[in-house]
Every structure is written in structure tokens, then in C-alpha cells.
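**Q** Let chain A serve as the given structure and place chain B on it in line with the hints.
Protein chains: 2
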Amino acid sequence: MHSWIEISPDSDFPIQNLPFGIFETDDRDPRVGVAIGEYVLDLCAVARLNFFELIDIDPNVFHRPYLNDFIALGKPTWRAVRNRVSALLRNDNDEISGSSDMIDKCLVKQSDVRMLMPVKVGNYTDFYSSIEHATNVGTMFRDPKNALLPNWKHIPIGYHGRASSIVVSGTDIRRPNGQTKAPDADAPTFGPSRLLDFELEVAFITGKETKLGESITPNEADNYIFGLVLFNDWSARDMQTWEYVPLGPFLAKSFASSISPWVVTLDALEPFKVKGPAQDPKPLPYLEFSGNHNYDIKLEVLIQPEGAAENSICHSNFKYMYWNMNQQLAHQSSNGCNIQVGDMYASGTISGSDKGSYGSMLELTWRGTQPIKLSDGTERKFINDYDTVIMRGYGERNGIRIGFGEVKGKVLPAL
Amino acid sequence: MHSWIEISPDSDFPIQNLPFGIFETDDRDPRVGVAIGEYVLDLCAVARLNFFELIDIDPNVFHRPYLNDFIALGKPTWRAVRNRVSALLRNDNDEISGSSDMIDKCLVKQSDVRMLMPVKVGNYTDFYSSIEHATNVGTMFRDPKNALLPNWKHIPIGYHGRASSIVVSGTDIRRPNGQTKAPDADAPTFGPSRLLDFELEVAFITGKETKLGESITPNEADNYIFGLVLFNDWSARDMQTWEYVPLGPFLAKSFASSISPWVVTLDALEPFKVKGPAQDPKPLPYLEFSGNHNYDIKLEVLIQPEGAAENSICHSNFKYMYWNMNQQLAHQSSNGCNIQVGDMYASGTISGSDKGSYGSMLELTWRGTQPIKLSDGTERKFINDYDTVIMRGYGERNGIRIGFGEVKGKVLPAL
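Line by line, the protein sequences give chains A and B. Under our numbering, read the first sequence as residues 1 to 415, first letter to last. Under our numbering, read the second sequence as residues 1001 to 1415, first letter to last.
Hints were generated in silico from the structure; no laboratory data involved. Ideal Cβ placement from N, Cα and C applies to all residues, glycine included.
Result set (DSS-like, lysine-lysine): computed pairs, CA atoms no more than 30 Å apart in a straight line:
{"no.": "1", "chain 1": "A", "residue 1": "LYS282", "chain 2": "A", "residue 2": "LYS153"}
{"no.": "2", "chain 1": "A", "residue 1": "LYS181", "chain 2": "B", "residue 2": "LYS1145"}
{"no.": "3", "chain 1": "A", "residue 1": "LYS381", "chain 2": "A", "residue 2": "LYS181"}
{"no.": "4", "chain 1": "A", "residue 1": "LYS120", "chain 2": "B", "residue 2": "LYS1120"}
{"no.": "5", "chain 1": "A", "residue 1": "LYS275", "chain 2": "B", "residue 2": "LYS1181"}
{"no.": "6", "chain 1": "B", "residue 1": "LYS1120", "chain 2": "A", "residue 2": "LYS208"}
{"no.": "7", "chain 1": "B", "residue 1": "LYS1208", "chain 2": "B", "residue 2": "LYS1273"}
If you want the footprint, here are the derived chain A segments under chain B, 3+ residues with CB under 8 Å:
{"no.": "8", "stretch": "183 to 195"}
{"no.": "9", "stretch": "208 to 221"}
{"no.": "10", "stretch": "274 to 288"}
The shape of chain A in the complex, shown without the other chains (with noise of 0.2 Å):
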């Protein structure tokens, strides 16, 4: 299948992507767009221009500033419209291709727009479901013995973070003040982190809600998923350790965390299905599913210091997670909690088994005894002021690439 846009075969967005997201440009206000090539297809446009008419929807709902409203009408509506955008892009269809009228009121290029937050984030959990994350970091806090904690393999771990920091990729990043202690120290002091580290996540939107009570399993989870975002967990590893016991992580990662601006849909990545890691012992009931839930989605993480080129520090893959998106979903809703439109569930620090696929600084550097050296022969322990820290995914099968695009963000010096 091919589009009538020219296409780049290194694009993370052919016509088998389209994903969703929300944009603006010095014409246009706020509104739903899909990504396609080097463009942006304007959903509010092409549903005023009436070509959603068999779709039963109320064109004013891409007319908003995030999604939540058109992922509420649900999975039939999603799928339907993300049908017809495929219908109307392909090769062998002239209703926009077939008028420059059509077109210039259609598309955008991507360089002309700027992307926006995709959802008005109601509630943040962020999971802790990569095994070997998990492994590393009890190696190096607690036990190499006992890395995992007696839980870990029963629970997909997890916690609620705060929902009013998520913040979209190009988004400056503030380095945190805080209390820090160091262990020789007799009290605490306040100031800027000094171990600033980012860690590679992705995160799933949820587009449809629960009722207070009700729970869902894994296997239902599928229809309450809209789809994953690239997801940046800034995290200050000193103010981290000095807070975090006994009600875990609070400010070390409240300040801000960033999420790309493409709302890549479940659809889009079901070529990308793999069974995920054994799970031993095994699951609760609660917990059990069918199917395949993992997804094989490249992940690579770059730093690029002010005025020099990208670094590439780390290569990891989605697969690699314990504990499914369809688990976590269940898990959370397992005690009554509502899920609500717009949710965002964050998968921990996707770390694999080998040195270099490790997703945060704090393993990359095992606690910053290893630094990497970067190409413009300075070295990092954790994030400097004024270096950009970018994430990139994609899939890719039978040569054709479904990508995420990117997140970055730039780390300023604390105020």
C-alpha cells in the first residue's frame, strides 16, 4: 500500500503509521492532525470538507486542543477514522489528491507546525516492568543476591506520578532544585540536582474509561488502549535517594517528564506483536492473558551537547518488558480504580540484558563509575546543563518502518 505523498522508506510515518497528535501553525489554532511523510493531514480540514460524512462524527471534535474528546468516542470510531484517512491518502484515491485546493487546505508540512500535547493527561502511573532495570538497580542500592525484590515477579510494580508536568517533546527541561544529602553528611541541603538523568520509557493512552469498582483483564485491555507514546522520566537520582522512603519517588521525577507528540495507535504496531519473556512463576489469574502483548519496537537514546553532533548511548527494545501493557492496565483496575480517557501509563526504564541497551545514565555509568565518552571528547556521568537528551522507536517488518518520531528535550540550569 502506498500513499500519493512521496514517502521517504526512513520515514517513521508511511500510510501504514498514521498516527495521531495535535497541532498548531501561525494559521491554524489548535487541532487533530495525522502525520503522514513530511506532513501533517488537518482532520478538522478534511472533516469540514465532508469527508468523514459516512462516519457518524461530529467534525467540531478535531477542532480541539487534544484528543480526548475524539479518543472518548471509542475504538469502532477511532479504527473508522483512521480507515478512511488510510482510504483518502493512497494511491489509487483522488478526493484531496486530485485538487491543490484540496490539498493546500489538507496538508501542512511538518516543519511549518508545531506539535502540542496530544491529551490533557488526567492520571500518570509509571510501571517498573523491565526485569533488568529492575535487577540493576536492587544490584546497585540493595543486594546483588537479591536484586529483585520479593514482590516484583508477583506485581507489575508501579506508582502514581504527577500528571501536570508531562510536557511535549521540544520542551526546555529545568533543572530541579532540591534537598539532597550526601551519606557522610549530618543534614540535608537544598539546591540544583547534580545527577540529572532521563529514563527511556514508553507509555500507553487510554481511551476509554471504567467505572468506579469495575475491572478489566488483560485480555480486554486491547480495546481500552488508543496508544504509546515515547516517554522521557527526567529523574534527579540525588534528590531521588533521599526522598524516596518510605512513599516512594516524588519530586526526583515531578518536575517535568516528556512524551512525543505522535499518538501511535495499537493498530499500527500489531505487525510488531512478540511474545514477551517467560513469566516465572507464574501469574495470578488476575494477571494471565492470551495472545502476544509485547511489541519488537526499536528504542535508542541520544545525547547531543550544545553546538555538537548526537551521541548514540543506548540501543533497547520494547520487547524486552516483564510485566505487558495489558497486565499493567488489569493490575491497576484489578482494586476498583477507574481508568478515565486520557490516562497515561508509563512502562519504567526499558533496560535489556546487554551494557549498552541500559536506559537510564545511572546504569549506562553504573552510579557514574563509568562515564561515556562522548565525540566531542567530554565525558557524562549524568545529563549536563545545556545538553539535549533525544529518544527515537520504530518498528520495522517486511520493510516498512512504523515510528514514534522523536522526544527531546534540552536540560536548562536550575533557577
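**A** The following block gives chain B in isolation, referenced to the frame of chain A:
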């Protein structure tokens, strides 16, 4: 100061209080009201009748299912509206009282209204700021000699909670299912929590936002706090024990939290300001404050078994808080985390130093070892199915009582 509405001396809602809430009746869709004695003043009606014409405010802001749009207008507007409401209700004012038609349009009996969630909660933080509670928990679960963790007297410890499952008083609470593991068991099991508890808390709601990267001082916090509600942080102790290391409470809390429907403003609580406990060691400069920011508010918890009488089981006081609200909000923003309108910040369990003031069953029965006898002859270690838990609170000074009403919830059996 008296109202032309007759108000019982033991009412929580004299003319000096005037808390804001959202109500509906069979005839009136959800809208903003103010409690006065046994009545609700319909601010939507009051505004449409032009009684706010000297205040620059759109009447539609009162015709909303949440207070968020109103409180986003800022403290000068909350104050102007509350002062005008006070004038309209004073016994020397006949603008409403002079006409039975006006009275019918503006006043509804509380017994005829359904109270709804007062705000759409964007972000929810639960602090852990009672030193007596933290000491009790540390004594039970860790080491009586080192009950407080090293960070506790330096940091207003808190964690992010689940916003979606905060419900208004009167909502039934479904006993959660979840994983628990007996100390001597090899593996966890999944089923109804056996140790369901309440936590007596007070929460404040913010009415002013900060930008990402900004922080505020404790002395600035008063301008950000709209008002307070009673807060029951329902907790499943057996689930909590098994899940909470290392990332904190998650499903043990996220099944539900209950709040009282009337938001009592900081202005109304001004007469109850008292000095808080001495803070030693001295907090870091970003947590320093001037003036008094503790509040002498009497708090009570009652258990009412199905079809039986209420049993008062706890008398505590909001003034016991070690960390005050201003310090909590300053801490929350100290890393640049942005505050939003409608955020909820709960105190953590409020226990005093004597046993009758402990704010949870965990402490009152000392992990179930000292059951509480109820007037119907039964006893409780934790909360049973069909028990209703009720919390009430008020300040009293110079014969004037400013109350919160109550938050109550009945526990239903697990599904």
C-alpha cells in the same frame, strides 16, 4: 453578625462560614452553591438576578459542574463574591429576604439537594505530615527506637495519589480486591482486602497555578489555597504491606478516597489559626515561614454499623500537623513542579499524642491487637462490610462555629 436565615447554634454553616460547593436538585442542574444554615444559596440564580453586578464576573461561571472555573478567577474574586454573599444574607439586608419570589429563586433546602464533587481534581498529593502518625507507623512496622525515618523532619514527605477515584461524601465504597501475602506464605493470593481502614485527613484545594519551573515560598502559599475539605484516605493495609516497597502505596489506596462536599475557605478559617509544633531541626530556608499556619479544627471519626448507632472512635485536631499546608505547597513546587487549579493536597493521617486521637484503625487498634468495642456489642479491628465511616470537623471560637459538615461512605462487599 447574623443572617435573616435562622441558623441553629450548632450548625456548621453560620454566616461567618459560607463554604462553596456544587449541587443539583431535581429542578436545578449542577451549579455553584454556598451553604448557609440548613439551606444552600444558589449562586447561579443569585448571579443571574444581577446581585453580583458590582463584581466583574460572568454569571455563567456559577453554572458549571465544578468550581474550577470560578476559583481560577483568583483570590480577589473569591473574596469579593464571598463578601457580597455575606452582605446579601445579613439580617440588615432585604435584597433577597424582602421578596418571597427572590427567596424561592435563590434558596434551596440542603435536604433537597444532591451534593457533587466540588472540583475536577487535576492532581492529587497525599502528604504524611503528622509526626504522631509517622511515629506510630514506624513503631509498629520498623523500630520503636528509630520510628521516624532520617528524612522525615527535613522533608514534608508525600507521594502522588490517584485523582480519578476521589469521590464525594455519600458515595458507597467497594471493598477492593488485591494481592496480599501472609508472612509465612510462599506466594501471594488475590482476593478481597481483609484489613480495610480509613485515614482521617484534611485536604486543601489550590485555586491558582504556577508555571513549570516556578516555585513559591510558604508565605506566598496562602494566595494559592482556595479552601479545605475533610478527606478519608481509604486504605487496604494488607495490600499496602505487600506492594509498597520500593515505590510507595499504589492499589492499597487508589480504589477510593472520599471528601466532604463543602469547601471551607481559608478566610473563614482565619480565627482558628494557631502556632504549630516546634520544628527541630530548623527546616531549610525554602520551608521557613512567618505567622501561624496551623488551624485549631476539631476532628472526629465515627463508625456506624448497618442499622445501628454511630460510635465515636477518634477525636483528633488539625492543629497537630508538624508540617503545615504552606510548607507542603512550597515543597511541592520547590523543584519547579507546576501547581494547577483544582489540585488536591491531603495532609496525611492526623493523629494526636493520646490513643483516642489516632486517625486510623491501624493505630487505634494497634494493628488489630486491641479491638474497639461498639455500642451494638460487636467489635472492630478494621472496617467491616456495610459499616459507614463518618468524619466531622469544626472550629469554634467566641461562640461561633465554622464547620466542614461531614464526609461519609459505606463499605460494600468486594465484587
